[in-house]
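A.B. asks: Listed here are the chains, written in short residue letters.
2 protein chains.
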Amino acid sequence: MALSEFELIERYFTGIGARRDDVILTVGDDAALVAPHSGRRLALSTDTLVAGVHFPVDAPAEAVGYKALAVNLSDLAAMAAEPAWLLLALTLPRADPDWLERFAGGLAALANGAGMALVGGDISRGQAITVTVQVAGYADRPLRRDGARPGDGLYVSGTLGDAALGLQFWQGGQREGVDAHFLIERLHRPTPRTALARALADLATAAIDVSDGLLADAAHLAERSAVAVLIEPHRLPLSSALRRSASATHATTLALTGGDDYELCLSLPLDREKEAHARARQAGVSLTRIGRIEDGRGIRLISATGEALTYTHHGYKHFPVPSR
Amino acid sequence: MALSEFELIERYFTGIGARRDDVILTVGDDAALVAPHSGRRLALSTDTLVAGVHFPVDAPAEAVGYKALAVNLSDLAAMAAEPAWLLLALTLPRADPDWLERFAGGLAALANGAGMALVGGDISRGQAITVTVQVAGYADRPLRRDGARPGDGLYVSGTLGDAALGLQFWQGGQREGVDAHFLIERLHRPTPRTALARALADLATAAIDVSDGLLADAAHLAERSAVAVLIEPHRLPLSSALRRSASATHATTLALTGGDDYELCLSLPLDREKEAHARARQAGVSLTRIGRIEDGRGIRLISATGEALTYTHHGYKHFPVPSR
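From first to last, the protein sequence lines stand for chains A and B.
Per full-length UniProt numbering, the first sequence starts with residue 1, numbered consecutively.
Per full-length UniProt numbering, the second sequence starts with residue 1, numbered consecutively.
Treat the hints as calculated values from the structure; they're not laboratory data.
Even glycine gets a Cβ: it sits at the ideal position worked out from N, Cα and C.
Possibly wrong hints are sitting among the right ones.
[What the hints assert, rightly or not] Only some residues are given here: those of chain A computed to face chain B with a beta carbon under 10 Å:
no. : residue
1   : Asp122
2   : Ile123
3   : Val135
4   : Gly137
5   : Ala201
Put together the whole structure using the sequences plus the hints.
C.D. replies: And the structure:
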């Protein structure tokens with residue numbers, strides 16, 4: 001049995017996600033057709049996962065499908081956008097029916113939960129599994145990276161550092177026990193903070209999602225907002241599993257520099273903090289103040305006693321470029 | 001010198017394409033923000049090129065950048081859509097500044113010509129160069145695959161089979177001479193038929209672009225429209241370069257089964273043919289009647305004397321799947 005790209009799409013990727021009144025024509029033509037609600041702005045984003053780079057080559061297929069969409073939903077969340085449509089471009093060494101079915105299942109579960117529809121895509125042959133998802137959502141009150149102002153507090157959702165330790169556990173074959181299970185789930189199935197972001201859209205001044213590590217991502221927020229971001233590492237929210245599994249120093253390092261947590265980092269006026277906490281509780285997500293915005297540029301770290309701290313490791317840089 | 005993904009995007013992929021009044025926020029935030037014109041539908045599509053699969057590993061970087069967008073614009077053309085925005089997801093084994101600059105140049109040239117803006121993207125590390133482009137455009141009068149009706153004529157733009165022979169020439173190192181140059185250009189720089197499609201949008205009943213070979217793509221049109229597509233191979237438009245470089249039989253086989261030409265295949269009522277030709281002339285593209293739509297299903301081939309022909313090779317299928 002040989003399946004063409006066309007037949008693979010028919011079999012595994014047709015009818016995925018929610019039915020939406022703004023989708024006119026879905027998978028199966030040269031392009032999808034959508035009818036955006038009049039007067040509403042759209043947020044557009046794309047992110048790629050490559051086997052062996054962004055996920056372990058032995059990651060469960062369901063987790064790969066889930067995560068490929070989750071990292072994109074995290075970008076929409078960082079804009080406080082309401083998810084609408086997605087396209088999938090999948091590159092595979094071969095068409096393994098079992099893998100494809102589980103991959104599609106992981107993707108579909110999250111798409112349904114987010115109320116979005118898979119409207120198009122492409123399947124190609126290539127050596128490494130490479131998954132590119134592109135998402136679009138309505139952004140009525142977009143949260144940008146460039147609105148942080150001196151005097152704002154700096155906050156993160158959930159806990160940090162879990163996914164980085166989860167990756168170490170997974171790679172080390174340390175997969176048993178409640179803590180390992182929790183940390184590995186955080187790696188494989190990050191929760192996009194869509195509901196939180198939309199609840200805070202009119203309070204927050206800026207937001208970014210934590211994909212490359214807090215230090216790296218907060219630095220982007222600082223640069224785009226032309227401010228200094230002051231972080232107090234002792235305030236970073238750490239999960240019980242992380243605290244139990246790593247020394248305090250190692251846990252804090254992971255929380256500062258580990259990628260893949262897909263929590264939100266955002267700034268908002270300190271006098272709105274109480275309201276923000278109330279809304280976060282309603283959204284079912286913890287929100288922790290981890291620092292503040294100041295005049296200046298770049299990132300500053302200070303200890304609980306107010307001393308300046310330094311870090312040499314500034315998050316994951318993707319490309320070693322030869323000097324020229 | 002080590003450049004992060006952030007710095008690579010800043011250096012090579014900022015400000016590419018046209019300035020557009022419907023772009024609010026471009027490359028540099030978690031997502032792009034656009035404001036679609038109210039009441040207009042959007043066509044969305046994505047296509048991936050993998051080195052060694054969709055383009056030769058030694059293809060010029062400019063050609064890779066150009067073609068990655070061109071194949072997507074071809075999908076928009078097949079919907080008669082007006083190009084608006086694109087996102088780029090690029091996977092690379094390493095960041096070669098020279099390659100990136102030339103790749104971005106090829107992409108930018110076509111984006112500018114099409115009046116579209118690069119609004120976002122992603123750069124990842126991975127073994128094989130993999131380029132996924134996602135495009136969006138306004139589709140006020142979309143041409144779908146499912147509207148062909150018995151009695152319509154079947155047409156293609158331009159000439160067929162050139163890119164397939166161009167690939168053979170490129171791979172054989174046969175790159176000198178005016179014919180080789182023409183055929184290789186057709187391979188590396190296909191021309192999306194945007195203007196033609198938009199000129200014919202109110203005449204044509206269905207359209208598909210020829211990416212996998214005429215037989216394979218016309219079969220999709222037949223299936224979606226629930227009709228039979230009758231093709232007369234002796235009518236297929238062949239370039240002078242193809243005629244001079246291949247036997248008549250080989251040339252016709254390439255025109256039927258060769259992929260990568262990115263011409264349009266469309267159906268329209270025979271009594272509108274004259275008007276269609278006039279509009280095609282205005283758009284500067286040839287249009288050739290190559291068959292007709294009939295009752296029934298699937299593809300039929302007939303000779304100049306009306307005899308049925310058979311072909312065993314039905315275009316490129318991407319995936320050999322193990323039987324289970």
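A.B. asks: Checking each numbered hint in turn, tell me which of them this model violates, lowest number first.
C.D. replies: 5
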